[in-house]
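A.B. asks: The lines below spell out each chain.
Number of protein chains: 2
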Amino acid sequence: MDGARNPSDRSDARLEAQFAFLNEADRLKSVLRATTLVDGSRVENSGEHSWHLALYALVLADQAAPGVNINRVIRMLLIHDLVEIDVGDVPIHAANGLAHGSAETIAAEQRAADRIFELLPSDLRDELRALWEEFEAAQTPDAVFAKSLDRVQPVMANLMSGGGTWTTYNVTAEQLEHRVGVKIARGAPALWDWVKARAATFFP
Amino acid sequence: MDGARNPSDRSDARLEAQFAFLNEADRLKSVLRATTLVDGSRVENSGEHSWHLALYALVLADQAAPGVNINRVIRMLLIHDLVEIDVGDVPIHAANGLAHGSAETIAAEQRAADRIFELLPSDLRDELRALWEEFEAAQTPDAVFAKSLDRVQPVMANLMSGGGTWTTYNVTAEQLEHRVGVKIARGAPALWDWVKARAATFFP
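Sequences listed follow chains A and B, in order.
Residue 9 in the working numbering is what sits at position 27 of the first sequence, and the numbering runs on without skipping anything.
Residue 164 in the working numbering is what sits at position 182 of the second sequence, and the numbering runs on without skipping anything.
In case anyone wonders, no lab produced these hints; they're calculated from the structure.
Hints may contain errors.
Copies of the same chain look alike in the list, so a pair counts if it fits in one copy or across any two.
[As the list claims (entries may be wrong)] In silico DMTMM-like cross-links for lysine to aspartate or glutamate, where the CA-CA straight-line distance does not exceed 20 Å:
#1 K165 - E116
#2 K178 - D(-6)
#3 K165 - D175
#4 K178 - E(-2)
#5 K178 - E159
#6 K165 - D71
#7 K165 - E118
#8 K178 - E156
Predicted model, so just to flag it, every value in this text is computed and none were measured.
Please model the entire structure based on the sequences and the hints provided.
C.D. replies: This is the structure in structure tokens:
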């Protein structure tokens, strides 16, 4: 995907489609999450969250398993939440942990992916849709590491802001382990050990 | 930078430094820009702007010159505005176009880079600082393309939101060409032709 294509592909129709997608993506900046900024001043939106996660991948690359391709992880994280433009963010600890990953949510996210990626020229549509499906399936090493980062960033925000969504949703140590810890540990075991030790003070 | 390092490097001290940087970076979400969201509802912050630009690089990769490494461009764009945590965003059209790139601004940004990248372990500090300096110097093909995207995204926001900062700062067609167009055209000539045609209606 690097470098130039055939200049004839730089058509007006192609650019129209590329910008239709980029302008639609702008709406992710208006999707609000449950997690706050590190300073607790307001809740985070899914656009800035996606940036922060890509930076996590860049800075914590040494926590990935051998063979993980950090450039692919970064690309995955840049697009992983776009479906929230239609579906909204479903907090991991909301509805006693049952809303996130429900059949209804998954079906709605598939419809959102159909609509949003369809805005792109077909080659980019297929490429980014496949990358998003890979993230969702969480089976490849790249996706497993990306998922770990997606889980650890809100933990860090909660640690920094004095409890955050753990307080909002009355989360127990067991729920944190089950909903969050298992997925962080799957892709970045040392990272979970490290943040778990620091989270312990919030779960006496 | 992909894959695992020597496990002995996954020390507590290293992770402390990595998270000190990632937590400090969170403050970029509170730096406000002059440009609004595409829907005009509020001004954009530099964190979500950085995400949007990385997505621009992913989607508009075919506009880059041959040999441009899009993965490096994305990494550059993820970190390009971190110095604004200390310096703030300096709008391109503010102070009659004289504030952006002034000697004072450049010196302040160097001091900010010293402070912020120094939070990282030394290998990452050197790597990301060099990448930021490359972006600022705007000489390599990767940096030239990254700069083009950084200029074209606010143009698109202004187009979509009915004039935006062009109205705020009474920008003329000549000023747009000089402050913005030249830099977009340098890294992505077809892109400037395309947006310039669409901007014409705002500069009768």
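A.B. asks: Hint by hint, work out which the structure violates, then give me just those numbers in ascending order.
C.D. replies: none
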